[in-house]
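There are 2 protein chains.
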Amino acid sequence: MAHRPAGERRLCGGRDDRGGAIPAVNSLPRDLPAGAAQEQFLHVLPRDEALRRFEAALQARPVGTERVALSGALGRVVASDIPAAIDVPPFDRALVDGFAVRSADLADASAALPVRLRLNPETIACGVVPAVAVEPGTATPIATGGPVPRGADAVIMVETTEPAGPDGIEVRRPISPGAFLSFAGSDITAGETLVRRGTIVGSREIGVLAACGVAEIEVWRRPRVGILSTGDELVAPGEPLGPASIYDSNGPVVAAAVAENGGEPVSYGAVPDDPDRLRGAIRRAHAECDMIVLSGGTSKGAGDLTYRLVAELGPPGIVAHGVALKPGKPLLLAVCAGKPVVILPGFPTSAMFTFHDMVAPSLRRLAGLPPRSAAKVQATIPMRVPSELGRTEFVMVSLLGLEDGLAAYPLGKGSGSVTAFSQADGFITVEALADAVAAGTRSEVTLFTPHVTEPDLVIMGSHCLGLEPIISRLAEDGIRARLMAVGSQGGLAAARRGECDIAPIHLLDPATGIYNRPYLAPGMELVEGWRRMQGFVYRRGDPRFEGRSPAEAVASALADPDCHMVNRNAGAGTRIVIDGLLGGARPEGYSNQPRSHNAVAAAIARGRADWGVAIGPVAELYGLGFIPIAEEHFDFALVSSRRGRRGVAAFLAALEEPATLASLRKLGFRPAAES
Amino acid sequence: MAHRPAGERRLCGGRDDRGGAIPAVNSLPRDLPAGAAQEQFLHVLPRDEALRRFEAALQARPVGTERVALSGALGRVVASDIPAAIDVPPFDRALVDGFAVRSADLADASAALPVRLRLNPETIACGVVPAVAVEPGTATPIATGGPVPRGADAVIMVETTEPAGPDGIEVRRPISPGAFLSFAGSDITAGETLVRRGTIVGSREIGVLAACGVAEIEVWRRPRVGILSTGDELVAPGEPLGPASIYDSNGPVVAAAVAENGGEPVSYGAVPDDPDRLRGAIRRAHAECDMIVLSGGTSKGAGDLTYRLVAELGPPGIVAHGVALKPGKPLLLAVCAGKPVVILPGFPTSAMFTFHDMVAPSLRRLAGLPPRSAAKVQATIPMRVPSELGRTEFVMVSLLGLEDGLAAYPLGKGSGSVTAFSQADGFITVEALADAVAAGTRSEVTLFTPHVTEPDLVIMGSHCLGLEPIISRLAEDGIRARLMAVGSQGGLAAARRGECDIAPIHLLDPATGIYNRPYLAPGMELVEGWRRMQGFVYRRGDPRFEGRSPAEAVASALADPDCHMVNRNAGAGTRIVIDGLLGGARPEGYSNQPRSHNAVAAAIARGRADWGVAIGPVAELYGLGFIPIAEEHFDFALVSSRRGRRGVAAFLAALEEPATLASLRKLGFRPAAES
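Protein chains in written order, with the UniProt record's numbering: chain A, 1 to 675; chain B, 1 to 675.
None of these hints come from the bench; they were simulated from the model.
For clarity, every value in this text was computed on a predicted model and none was experimentally measured.
Because identical chains share one entry, a pair is satisfied inside a single copy or across any pair of copies.
DMTMM-like mimics (lysine to aspartate or glutamate), calculated; alpha carbons at most 20 Å apart, straight line:
| id | residue 1 | residue 2 |
| --- | --- | --- |
| 1 | LYS666 | ASP81 |
| 2 | LYS376 | GLU431 |
| 3 | LYS376 | GLU444 |
| 4 | LYS376 | GLU454 |
| 5 | LYS413 | GLU388 |
| 6 | LYS666 | GLU468 |
| 7 | LYS666 | GLU631 |
| 8 | LYS666 | GLU528 |
| 9 | LYS376 | ASP404 |
| 10 | LYS666 | GLU620 |
| 11 | LYS666 | GLU656 |
Just need the whole structure built from these sequences, with the hints factored in.
Written out as structure tokens, the structure is:
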């Protein structure tokens with residue numbers, strides 16, 4: 001790789017959540033002309049002020065109308081009131097099968113003195129126009145829905161009549177005028193508004209429209225939203241992933257969120273950071289669409305490139321660049337020649353959050369949709385949540401129903417995580433003036449879905465792939481498990497606090513060499529799970545390790561000062577194994593302490609390190625060499641008082657099923673039952 | 001029309017809600033062979049038993065899978081667990097813009113003793129694979145999202161560094177190992193289940209799938225549902241309506257409800273009651289689809305025709321024919337050669353109700369969807385609701401928020417109404433063993449939509465088209481008016497009970513000749529609305545009436561014994577006008593007493609009657625002759641205590657707006673302000 005002077009360094013723009021790229025521009029590109037650096041300067045606005053400026057510049061209203069067939073109108077938004085052109089029913093009709101009669105003829109009818117009516121020579125089936133009037137002393141057979149003939153003022157049910165010869169009936173009771181007859185217009189009156197402007201068409205609206213003969217309606221046109229992701233490192237899902245590449249998730253997720261909010265997404269793909277190509281794509285999107293949503297993931301120089309290209313699109317241009325929001329600070333909001341143009345932060349949770357909070361309301365107005373009404377619930381925050389002063393902060397939370405009400409757990413993952421947004425039930429808002437939320441605070445949680453669904457089983461602790469077949473098995477029986485990966489120690493703490501049913505743990509007690517059991521608190525019992533073989537992991541073919549025992553391999557590693565290890569976090573069972581192998585040595589890489597087997601394997605596979613200790617299946621996933629050391633025990637701390645819960649019982653049963661044992665073996669684990 | 005002997009009469013099947021057509025078959029077709037009549041016999045089953053038989057015969061499970069692109073997967077149902085193929089992030093990456101460093105180098109850094117690090121000759125932008133290791137005393141510039149190079153165990157934010165010459169930085173604080181670095185797999189671990197079978201794909205699911213490079217997923221195929229309406233009287237929306245025809249609303253509404261429940265509707269249109277055509281259509285639908293939904297509207301003979309044709313389709317065949325449900329008794333449920341075949345009652349509300357109650361759950365299973373979770377609320381039923389013993393009855397209700405909680409008003413319209421289902425907020429269930437619900441009963445209301453939206457203005461009373469522009473005007477300002485057409489007297493009663501804000505009324509006091517004001521109760525005030533000209537209405541060109549005064553026209557009518565009138569209901573202001581004109585005479589048709597101007601005009605236009613009294617705009621709508629008599633006053637009884645409500649204030653303001661007055665004049669009404 002060519003050397004570049006430091007002054008040329010331009011880093012990714014808009015990706016992180018701490019203002020990332022943009023301060024970088026201020027600080028790093030020291031050889032840029034002062035003006036260019038200045039142009040990039042973030043005037044961070046409070047959230048409400050940024051939103052106010054954007055909405056004032058935009059003045060969003062529906063982008064236009066189109067006519068659609070009723071059969072294709074489901075989910076569309078009605079653009080103008082639709083009046084009924086006809087009465088429904090269009091004529092006085094029979095409500096039952098029977099006979100159209102004159103009620104006066106039957107005024108004195110009784111069982112003792114039945115009245116005989118002569119049948120008229122026509123039968124009014126549905127669709128038949130009556131030709132014969134019902135004269136006194138006569139009746140006309142009529143079907144439900146048939147038009148009532150002249151002269152008749154009621155319909156008598158067939159069940160309440162008796163045949164009387166080939167052309168007559170006998171009636172033994174009187175009937176009121178208007179009985180079993182529905183008058184024209186009694187359901188819908190011509191001129192009445194059937195469906196009002198702004199209504200979202202559902203099957204119920206389709207019913208009344210069809211009944212009035214409406215075959216086509218005017219709806220708001222869906223705003224076309226051009227979606228671009230920018231960045232050399234982005235790869236479209238389905239394509240092979242290069243060594244420093246990541247998949248573009250913002251493009252697909254923004255497209256889906258646009259569709260969910262009434263827009264028609266138009267994807268312009270992931271555009272590399274080439275000024276001409278990027279300018280071309282942005283201009284084309286601006287010309288073809290009603291709105292543009294770009295998202296970061298920009299690399300060298302593209303940060304202020306995109307910014308400048310947006311500024312070129314027309315007045316009034318950028319109205320907010322930098323918003324005191326977390327996640328989401330690097331958000332850019334612009335209105336160019338009447339069309340909204342937005343650059344979302346590159347980090348997935350930041351991007352989704354700012355889209356929903358700041359952009360979706362305007363999109364919905366362009367689509368003629370009402371604001372989304374978010375459901376809210378009250379919940380207790382069980383732990384202190386630190387927050388940054390001066391920024392409105394949104395904290396993604398998972399909800400759990402405890403004995404004394406709902407608890408909202410902050411998802412530990414940051415804005416760079418795609419799962420933080422996806423797995424959260426909702427979020428809490430920490431105002432800009434607060435520096436933390438105290439443990440035990442009652443807070444309002446805005447939900448992502450209308451209802452909170454209480455899980456049948458709560459698992460908090462270490463995550464292992466062996467849990468997947470069990471959870472899938474439970475799902476087949478309709479048991480919803482909520483799994484929160486908080487590590488073994490986190491799981492034990494949650495179990496002590498009564499927050500979970502089961503805590504998966506794999507902790508080695510160095511004093512006794514016993515796994516897990518020594519860590520149980522009173523009120524917990526151990527349920528044995530499975531064993532995972534840990535081993536010395538290295539890149540295949542490395543002559544320092546190939547064919548050695550674990551001890552030999554470590555000795556070989558320690559002998560080479562250029563050999564880097566990757567360690568594990570303190571408290572991990574594997575860390576105890578590693579420290580045992582090292583016997584006090586602290587080689588290069590000892591301070592690199594990821595929290596998972598996968599991170600260890602990834603570091604070795606990518607050359608960040610040369611060896612580490614991880615479990616066999618993960619080494620295999622990464623195609624690494626593996627020298628077995630010892631099994632670790634992946635077990636479950638069960639809160640005894642929860643044993644009776646349906647979800648717990650099902651979990652314990654599933655754990656013993658032959659299919660589960662087979663799945664575990666297939667994953668490379670050894671069920672404890674077989675040890 | 002040819003005379004048909006009574007024995008040949010065969011009426012509409014499956015249309016009404018009292019068992020309609022089907023008892024008709026037992027009673028009427030006396031010359032059918034006993035077997036044919038027997039075959040048609042309804043064995044009415046309790047709802048739960050009918051449902052149990054249907055579901056047991058069907059054993060519904062998803063109809064199959066297909067692969068769809070992620071971009072087209074929104075709203076689809078995932079058919080199998082989707083595991084992550086990669087770790088996310090795929091490598092250890094920087095969380096901020098800054099420098100990849102060795103934390104040990106900075107252990108003693110402070111403002112007094114800053115540490116100088118030499119910059120390595122590469123910059124890790126996004127997408128760049130590091131080539132140079134971070135050796136002690138060095139740092140590598142790195143962008144947010146960039147892969148952390150070998151040797152580094154932390155990233156330091158650019159803001160916390162100072163430039164130190166062209167190729168160095170100075171750091172004044174220590175940094176922890178792992179700072180601002182996210183480890184491979186920390187967001188998603190390879191092998192972890194990303195989305196579980198049965199999940200409905202939303203934008204959040206698309207995010208995690210895209211992040212793992214998933215471009216295509218396996219979803220349940222949408223079951224194809226063949227939809228046929230049968231009946232000679234049915235006309236497709238958009239086509240001209242014949243004199244005894246009605247528009248097919250069941251076809252479009254079932255299609256929409258199928259789509260809302262995960263199916264793919266396949267419309268076979270409205271099929272006339274021709275045995276060969278009907279057999280052909282049903283067999284084709286059975287061959288091409290996974291399910292068939294027929295709906296009545298059948299005419300002469302088609303009732304048992306459809307029944308026999310369904311029975312021909314294969315075993316086990318019909319499992320329930322007649323269900324003790326109201327609405328919905330004539331429902332037919334069958335399973336033919338593994339596919340569900342259903343004949344819904346013909347009446348729109350019966351059809352929709354039975355579809356949702358009895359059919360949709362199976363359709364959702366075929367589509368792999370979970371049962372729909374209906375929201376429920378508690379409400380008070382303000383009036384006694386009679387019910388039929390022996391049938392589970394569902395009563396459509398509108399909800400209103402009163403001071404002491406929600407009230408559920410039964411919609412007066414029957415199962416023949418298309419609006420009863422469309423306008424209801426939900427329904428209450430009256431068990432088969434109850435013969436009524438007492439006034440004041442607290443009952444559970446199952447909602448049609450997840451939330452009850454409280455109206456800003458409640459209008460109960462007489463309906464007039466003049467209200468439409470006012471309600472539309474309010475809607476523009478976001479004010480939701482709820483209009484319940486209960487007639488003038490009904491509106492006054494509701495106002496007395498505190499159930500509405502405003503009651504539109506048009507009641508003439510015969511004693512004083514004064515409209516409306518004499519009917520106000522204490523606590524109400526009159527708000528004047530508009531005047532509607534009433535007149536003598538007849539078919540244009542009728543020599544008995546053309547060119548006469550109202551009194552002359554009535555005299556002419558009374559002189560002709562073949563001349564039929566159409567009256568109005570007792571209590572209507574117009575009825576008082578009519579009785580005044582008749583002066584005690586009771587001509588033919590006097591007992592025909594519809595409740596609306598439109599029904600009067602429709603009866604005359606269709607020859608059911610020759611004259612009546614109605615308002616001018618309605619006569620014009622039906623192209624009838626009109627001889628003006630006197631204006632009636634359409635005013636509003638306002639509950640004085642409600643004057644301060646936002647909706648009431650807006651209503652009163654809208655009533656006086658020039659645009660409203662113009663709309664009223666255009667409709668043929670004269671605003672009171674102009675009198």
